[in-house]
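J.: Sequence:
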Amino acid sequence: MAAYLDAWLENAPDDVSGIARALGDIARAKGMSQVAADAGLSRESLYRALSENGNPSFATVLKVARALGVRLHAQAA
Numbered sequence: 011m012a013a014y015l016d017a018w019l020e021n022a023p024d025d026v027s028g029i030a031r032a033l034g035d036i037a038r039a040k041g042m043s044q045v046a047a048d049a050g051l052s053r054e055s056l057y058r059a060l061s062e063n064g065n066p067s068f069a070t071v072l073k074v075a076r077a078l079g080v081r082l083h084a085q086a087a
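Going by the numbering used here, the sequence shown opens with residue 11, and the numbers climb by one from there.
Hints in this document: simulated from the structure, not taken from any laboratory.
Glycine included, C-beta positions come from ideal geometry on N, C-alpha and C.
Hints may contain errors.
Said to hold, decoys possible - Capping the alpha-carbon separation at 20 Å, the derived lysine to aspartate or glutamate pairs in DMTMM-like fashion look like this:
# : residue 1 : residue 2
1 : Lys40     : Asp24
2 : Lys73     : Asp35
3 : Lys40     : Glu54
What the hints assert, rightly or not - Just the calculated beta-carbon pair ranges, DEER-fashion:
#  : residue 1 : residue 2 : range
4  : Val26     : Arg76     : 16 to 24 Å
5  : Ala87     : Arg53     : 30 to 38 Å
6  : Gln85     : Ser52     : 32 to 40 Å
7  : Ala84     : Gly28     : 37 to 45 Å
8  : Asp16     : Gln44     : 16 to 24 Å
9  : Pro23     : Glu62     : 17 to 25 Å
10 : Gln85     : Arg53     : 32 to 40 Å
11 : Ala69     : Asp25     : 18 to 26 Å
12 : Gly50     : Asn21     : 27 to 35 Å
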């Protein structure tokens, strides 16, 4: 899971929708209902936020990442 997300962050750091979709892929693999519950979101809002046309807030991205057990990492470019 972390390697998949890390690849998106490394290879397409400006592709916000792609990164959201990658989080969605990981969430579906883990189970959307469980991830939504762990993130404190409804299942529907999680699907909407992580869809191709979704535009999740940074707070939502952080909640989902935490629910998935991954951490976003910043480093100098």
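J.: So, for every hint listed, does it hold in this structure?
T.: Checked hints:
The hinted pair formed by Lys40 and Asp24 fails the criterion: a straight-line CA distance of about 25 Å is larger than 20 Å. In summary, the hint linking Lys73 to Asp35 is supported, as the alpha carbons are separated by about 15 Å, within the 20 Å threshold. With a CA separation close to 16 Å, the supplied pair Lys40 and Glu54 stays within the 20 Å bound. Distance hint check: the CB atoms of Val26 and Arg76 are about 19 Å apart, consistent with the given range 16 to 24 Å.
For the hinted restraint 30 to 38 Å between Ala87 and Arg53, the CB-CB distance of approximately 36 Å keeps it satisfied. For the hinted restraint 32 to 40 Å between Gln85 and Ser52, the CB-CB distance of approximately 34 Å keeps it satisfied. A hinted range of 37 to 45 Å is violated for the C-beta pair Ala84 and Gly28, which are about 18 Å apart. For Asp16 and Gln44, the hinted distance range of 16 to 24 Å is satisfied, since their beta carbons lie about 22 Å from each other.
For Pro23 and Glu62, the Cβ-Cβ distance of about 18 Å falls inside the hinted range of 17 to 25 Å, so the restraint holds. At about 33 Å, the CB distance of Gln85 to Arg53 agrees with the hint of 32 to 40 Å. Remark: the range hint 18 to 26 Å for Ala69 to Asp25 is upheld by a beta-carbon distance near 20 Å. Against the hinted window of 27 to 35 Å, the Cβ-Cβ separation of Gly50 and Asn21 comes to about 30 Å, which satisfies the hint.
Hint violations for this structure: numbers 1, 7, all remaining hints satisfied.
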